[in-house]
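Engineer: Here are the chains, one letter per residue:
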Amino acid sequence: MADFMQQVVVGLSSGSIYASLALALVLIHRATGVINFAQGEMATLSTYIAWTLTTNHGWSYWPAFAFTLIASFVGGVAIHQGVIRPNEKGSVLRVVIVTIGLLLAINGLVTLIWSGEVRAVPSPFPTRTIEIGGVAISIQDIGTIGVVLATVVVLWLMFQYTKVGLAMRAAAVNPAEARLVGVRVTWMLSLGWGLAAVLGAISGMLAAPSVFLDPNLMAALLIYAFAAAVLGGIDSPIGAVVGGLVLGVGLNLLGTYVDFVGADLRLPGALLVILVVLLVKPSGIFGKTEVKRV
Amino acid sequence: MLLRLDGVEARYGPVQALRGISLEVPEGSVVAVLGANGAGKTTTLRAVSGTVRRSGSIEFAGKPLHGGPEAVARAGIAHVPEGRGTFTELTVVENLRLGAYTRRERNLDSDIDRVSKWFPWIPDRAQQPAGTLSGGEQQMLAVARALMARPRLLMLDEPSLGLAPMIVREIFRIVRELNEREGLTVLVVEQDARIALQTASTAYVLEVGRVAVSGPSDELKENESVRRSYLGY
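Those protein sequence lines, which keep their order, are chains A and B. Here the first sequence is numbered in the numbering used here, starting from 14 and rising by one per residue. Here the second sequence is numbered in the numbering used here, starting from 1191 and rising by one per residue.
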């Protein structure tokens, strides 16, 4: 039983990393109607910034973390204004292709600047474990879960109780109407891209200490995040969080207790989740079924 | 003159919707725009709010009106578009808060109280998603949301669309009282000529993108062709 609980916590920890990236995908999908394929690479770039600050410039972890979040936010806004916005008038496919182009461009840029070498990233949390009710839990896992949950709560409060949060929701659900009440919709979308970049940066920085940093850090994570977002409902922020946690715990338990899955079949497991959800309930657990009026 | 349109043209691609509209809305008045489907009524409002590309001159409160809907909203014009125009996924109170988006005030309670005087059901439904309201309530919420902006001009696009006659009368009664008691200036586009002429002091009848007839409502009611075409007697 103690071992089971331990695996649940490990699953929640990786699940919260999926959740953070999934939430980034959902934010952009709600606002722009597209999947941002570059979300993972944007997060990788953010993680390299944090790594450079701590390793080469002697910053301590949390200031580097905070600076990276700000830089990511600015970068996300800039990408929307500079690259996405000029293409938004076209078809959805056009924007999707632009994000795939961004994926390749950022991946190339990262490799160019930092080379493909694998780097170790320090963790802000001690790796020792503490014992809670007979269950040994690593402080790193608790820290990871805590950081993501805190981020989610802050975001939720912002969307629920602030003027700008309300305007962002209005711009996402009904842009034409939002403009009529005076909301500058394009800037709200940019803000959404900025926040998504911040969420991605958080997931990248939390993931890197346990898997090492290389230019393809987020490739697999992006698949898990897709699976989490699809599972929860691609337009549901709560769904992304719950989907991420469920997926993290589920895959970790499968990997631990089902011999043939092990560590190798987790990624195919995530793909299977995507496939099954899309076949059985395309709107996901929390998504609303889309009704089209003809 | 609060709003003055002079030779305003607008087109959707190759289709010219407005072929030189000129009209005036005096401060404190209710002005109606009538006409058949496709005459350019909705496009006239959209030209004012900048949701369609337009040429010609539009002056609001003595100044030329430029820019898109965000700028027009900031200038003090609230546009309630055709087909309700509420955020159905947001709650009633969130819709109202959005209505006041262009204003600086942080505490909107007194404004919500003020609009609730006109629509007494609002406080009870405050936390309900707007999409769960009836059609009439959604139309009223759209008007209430527009009032939250404390606009100098309220533009209503076919408030009667798809609503029962009793609800339509209720909405127009509120519009009339808003005008009489609070001095609100209203430009209303309406298919239902009878109720529009009862409410407005002046009316413009559009035909294929031009003003065909205009004048005080009482005169238009007596006008032979207006009567036959739009009032049906």
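FYI, nobody ran anything at the bench for these hints, they're computed from the structure. Since we're looking at a predicted model, the values are computed, not measured. Treat the hints with caution; some may be incorrect.
Computed, partial: chain B to chain A, Cβ under 10 angstroms [said to hold, decoys possible]: (1) Ser-1245; (2) Arg-1287; (3) Arg-1335; (4) Met-1338.
Chain A residues, not near chain B, derived (Cβ > 10 angstroms throughout) [to be verified]: (5) Glu-130; (6) Val-167; (7) Leu-179; (8) Ala-180; (9) Asn-187; (10) Leu-266; (11) Thr-269.
We treat Cβ as the ideally placed atom computed from N, Cα and C, and that holds for glycine.
Engineer: Each of the hints needs a verdict: does it hold here or not?
Structural biologist: Hints versus structure:
1. Ser-1245: Check failed: Cβ of B:Ser-1245 comes no nearer than 20 angstroms to chain A, outside 10 angstroms.
2. Arg-1287: B:Arg-1287 check passes; min Cβ-Cβ to chain A is 6 angstroms, inside 10 angstroms.
3. Arg-1335: holds, 7 angstroms
4. Met-1338: Because about 9 angstroms separates B:Met-1338 from the closest Cβ in chain A, which is inside the 10 angstroms limit, the hint holds.
5. Glu-130: holds, 47 angstroms
6. Val-167: Per Cβ check, A:Val-167 is outside 10 angstroms of chain B; nearest 19 angstroms; holds.
7. Leu-179: The assertion about A:Leu-179 is violated, with a minimum of 6 angstroms to chain B.
8. Ala-180: Non-interface label fails for A:Ala-180: nearest chain B Cβ at 6 angstroms, not farther than 10 angstroms.
9. Asn-187: For A:Asn-187, whose nearest Cβ neighbour in chain B is about 5 angstroms away, the distance does not exceed 10 angstroms, so it is violated.
10. Leu-266: Given a closest Cβ separation of 35 angstroms, the condition holds.
11. Thr-269: A:Thr-269 clear of chain B: closest Cβ-Cβ about 40 angstroms, beyond 10 angstroms.
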